[in-house]
Amino acid sequence: MKRFLGFVKKEFLHIFRDFRTLIILFGIPTAQILIFGFVVSTDIKDAPVAFLDFSKDEVTQKISDKICSSGFFKRIDNLQNYDDIDKVFRKGRVKAVIVFGDNFGRDLISYGKAAMSIIADGSEPNTATLITNYVTAIVTDFNRELVNTSSAGNILVQPEVRMFYNPELKGHFMFVPGVITLILILICALMTSITITREKEFGTMEVLLVSPLKPVHIIVGKVLPYFILSFIDVIMILLLSWFVFDLPIKGSIILLLAETMLYILMSLSLGILISTVSKTMQQAIFISFLGLMLPTILLSGFIFPIENMPKGYDWVSAFLPPRYFIVILKNIMIKGTGFLYIWKETLILMIMTTLFIGLSIRNFKLRLE
Amino acid sequence: MQEIISASGISKKFEAAQALKDISFEVNESEIFGFIGPDGAGKTTLFRIITTLLLPDEGEIKVLGLDAIKGFLELRKNIGYMPGRFSLYQDLTVEENLNFYATVFGTTVKENYDLISDIYSHIEPFRKRIAGKLSGGMKQKLALSCALIHKPKLLVLDEPTTGVDAVSRSEFWDMLKKLKQHNITILVSTPYLDEAMRCNRVALIQNGKILSIDNPQKIREGFSRKLFSAKAPEKHKLINALREYPGTLSAYPFGDSVHITFHNDEFDDSLYEHLKKVGIEKTTITESEASIEDRFLELMKKGTTG
Chain A
1 MKRFLGFVKK EFLHIFRDFR TLIILFGIPT AQILIFGFVV STDIKDAPVA FLDFSKDEVT
61 QKISDKICSS GFFKRIDNLQ NYDDIDKVFR KGRVKAVIVF GDNFGRDLIS YGKAAMSIIA
121 DGSEPNTATL ITNYVTAIVT DFNRELVNTS SAGNILVQPE VRMFYNPELK GHFMFVPGVI
181 TLILILICAL MTSITITREK EFGTMEVLLV SPLKPVHIIV GKVLPYFILS FIDVIMILLL
241 SWFVFDLPIK GSIILLLAET MLYILMSLSL GILISTVSKT MQQAIFISFL GLMLPTILLS
301 GFIFPIENMP KGYDWVSAFL PPRYFIVILK NIMIKGTGFL YIWKETLILM IMTTLFIGLS
361 IRNFKLRLE
Chain B
1 MQEIISASGI SKKFEAAQAL KDISFEVNES EIFGFIGPDG AGKTTLFRII TTLLLPDEGE
61 IKVLGLDAIK GFLELRKNIG YMPGRFSLYQ DLTVEENLNF YATVFGTTVK ENYDLISDIY
121 SHIEPFRKRI AGKLSGGMKQ KLALSCALIH KPKLLVLDEP TTGVDAVSRS EFWDMLKKLK
181 QHNITILVST PYLDEAMRCN RVALIQNGKI LSIDNPQKIR EGFSRKLFSA KAPEKHKLIN
241 ALREYPGTLS AYPFGDSVHI TFHNDEFDDS LYEHLKKVGI EKTTITESEA SIEDRFLELM
301 KKGTTG
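Those protein sequences? They're chains A and B, same order as listed.
Here the working numbering is used: the first sequence runs in plain steps of one and ends on residue 369.
Here the working numbering is used: the second sequence runs in plain steps of one and ends on residue 306.
Be aware that a few hints might be false.
[What the hints assert, rightly or not] The calculated lysine to aspartate or glutamate pairs, modelled on EDC-like cross-linking and capped at a C-alpha distance of 20 Å, are: (1) 2/A / 74/B; (2) 128/B / 11/A; (3) 180/B / 3/B; (4) 365/A / 57/B; (5) 231/B / 273/B; (6) 2/A / 111/B; (7) 365/A / 74/B; (8) 9/A / 58/B.
If you are wondering where the hints come from, they were derived from the structure by calculation, not from laboratory data.
With these hints in hand, go ahead and build the complete structure from the sequences.
See below:
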C-alpha cells in the first residue's frame with residue numbers, strides 16, 4: 001500500500017510540476033466553457049430586424065412591439081415596399097424582415113387568420129432558423145393571448161410551435177453536456193495514455209517493471225490522480241455553467257455524478273488501452289486525437305445531430321462511447337429524467353468499460369516486448 | 001562461492017537481426033563482472049534478459065538461484081537495475097527521485113543510507129534540483145543511488161559510464177569497488193575497453209557472441225603475437241606507412257603511439273628504410289606488452305574473418 005501511495009504521490013508531482021498538463025487540466029475546460037458559452041453562442045440577443053407593415057393597424061403594432069420587447073430582436077428600420085427588403089439584406093443591416101400583409105387586423109378579426117411572413121437571411125442558416133423559430137414562438141404566444149381575450153367562437157387555429165425542454169432555446173444547454181463529454185475524453189484518455197507512454201519513452205518503465213510494483217499498482221496509480229482531477233473538472237464545469245450561464249441541473253445530481261464517474265472510468269480504461277498499443281507519446285497523442293477527439297466532436301451528436309447524419313456515419317457513431325454519455329447528460333441535466341430513461345445508455349457504457357479494462361489487462365506487458 | 005547468474009545457450013532473435021547467439025556464462029558472488037563490446041553487440045539485450053524484461057528464445061538462465069523466466073516476479077525484488085538511459089524522472093528533484101525509488105522498493109532512504117552515502121554525498125548538496133538539470137556525472141550517481149537504495153543482491157548496470165566525463169568515470173569505478181564490500185554482485189557493461197581492467201572478470205562480446213571470458217589479466221596474456229609500439233611525430237602518416245609495409249600484419253592507433261604486429265613476429269631494418277622513403281625520420285619502435293584492447297581487437301578480427 002505504501003508503495004502504491006508513493007507511486008500516486010509521484011504522479012501528482014508530475015502533474016503539478018508540468019505547466020502544460022495543468023493548462024490542459026484546468027485551463028482548457030474553463031476556456032471551452034466560456035468560448036462555447038459566449039462566442040459560439042447559438043442564442044440570439046438584440047438581433048436586428050426590419051418591419052414592412054402594409055396595414056399599420058393596432059394588431060400589427062402590438063405584434064411588432066411584442067417581438068421587439070422580447071429582448072431577442074431590435075427594430076432597426078421600417079421599410080416602405082418589397083424592394084427595400086433586398087436592399088437592407090444586401091447591406092447586412094438586418095438578420096430578418098417581418099412582413100405584415102394588407103388589412104392584417106381586419107382579416108384576423110373577420111376571417112380568423114391573417115398573412116404574415118418572416119424573411120430571414122439564409123446565408124447564416126443557423127441564425128435564420130433560430131430567428132424564424134423565435135418569431136413563430138412569439139406570434140404563437142400572441143395568438144394565445146388573443147384567444148383568451150376575445151369572445152368565444154373566434155378561435156385562431158394556428159400550428160403550435162413550442163420548444164420542448166429548452167423553451168427559451170438557450171444554446172448553453174446544448175453545449176455544456178458536449179463540453180463535459182469532450183473534456184473528459186481529452187483528459188482521461190489522452191493524458192493517461194501520454195503519461196504511461198512517457199515512462200516507456202524515457203526508459204523509466206524498465207525500472208518500474210523490474211521493481212516489485214505490480215502492474216495493477218502501476219495502472220491504478222497512473223489512473224487515480226486523473227480520476228480525481230477530472231472529477232474536479234466536471235464539478236468545476238458544472239459550477240461555471242451554473243454561475244455564468246444559469247444552467248440548472250434538473251435531474252438528480254447524485255445520479256449525474258455517478259454516471260460521470262462511470263464515463264471517467266470508461267475514458268481512463270480507453271487511455272490505458274491506447275498506451276498499451278502505442279510505443280511513443282506521439283503515437284498515443286495521434287491515436288487519441290484521431291481516434292477519439294475528432295469522432296467525439298463530429299460524430300457523437302455534440303455539434304451535429306445524429307439524426308441528420310448520412311447513413312453509415314450513424315453506425316460509426318454507435319461505437320462511440322461519448323454518444324451515449326451525451327444522451328445521459330442531456331437527459332439528467334436538461335430534461336430532468338431519472339435512471340429509468342437512461343439505463344440502456346448506462347448499460348452500454350458499462351459494457352464498453354469492462355471490455356476496455358479487460359483488453360488493457362490482457363495487453364499490458366510485464367516485459368518489454 | 002555461490003553462483004549468482006548461470007546462463008547456458010541463450011539465444012535471442014529480433015525481427016531483423018540475431019541479437020544473441022548461444023551465450024553461456026557464470027557470475028560468482030561478489031564479483032564485478034563486465035561485458036565489454038561495441039555498440040550493437042547485444043549487451044543491452046542480454047541485460048534485459050537477466051533482469052527478466054525480455055524472454056530468451058532459447059536457453060536457460062538462473063539468477064540468484066531463481067529461474068529468470070518462471071520466477072521473474074520473485075527475482076525482480078532482489079535486482080537493482082540501471083538501464084542505459086538513466087531512468088530518472090527529469091521533472092522530479094534529486095531527493096524526490098531517490099525517495100520514490102525507495103518507496104517503490106519498500107524501503108526508506110534512511111534505512112539504507114550507509115550503502116549509498118559514499119555516492120549520494122556527492123549530489124546531496126543539489127537535492128532540491130530537478131534531475132533534468134543535473135550534469136551527466138551527477139545523473140549517473142543519482143541513478144546508481146536509486147538502483148542501490150533497496151540493497152539488491154545483484155546490481156545490473158547497463159553502460160553506466162557512457163556519456164560521462166573521464167573523471168566521473170574513474171570515480172564511478174572506485175565506487176563500484178567499494179560496493180563489493182557490501183556483498184553486492186555487480187554486472188556491468190561498457191563499450192570502453194580501458195574499463196575492462198577494473199572488473200574481476202570480463203566477457204568480450206561481439207555480434208551477439210561471447211569471444212572470451214576470463215579475468216582481464218589472463219585475457220590480456222592471451223594475445224598470441226609479439227606486439228610492437230611505434231612512435232613518430234606524425235602519427236597518421238606513420239600508420240599509413242606501416243600498413244603499406246609488406247611485413248605488417250596490423251597497425252592501429254593506441255593512445256599517442258601505434259601498435260603493430262608482424263607476420264613473423266619480428267622486423268628488420270627494411271622497415272626503417274621503408275619509413276624513411278616516405279619521409280618519416282624519427283621513429284622509435286619498441287616491443288610492448290599487449291593491453292586488453294589489443295587482445296580484443298585480435299579476437300574481433302578472428303571473429304569476423306573466421
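Results for each hint:
1. 2/A / 74/B: Distance of about 19 Å is within 20 Å: holds.
2. 128/B / 11/A: holds (18 Å)
3. 180/B / 3/B: holds (15 Å)
4. 365/A / 57/B: holds (17 Å)
5. 231/B / 273/B: Satisfied, since the Cα-Cα distance of roughly 16 Å is no more than 20 Å.
6. 2/A / 111/B: holds (15 Å)
7. 365/A / 74/B: Holds, at roughly 17 Å.
8. 9/A / 58/B: Violated, at about 40 Å.
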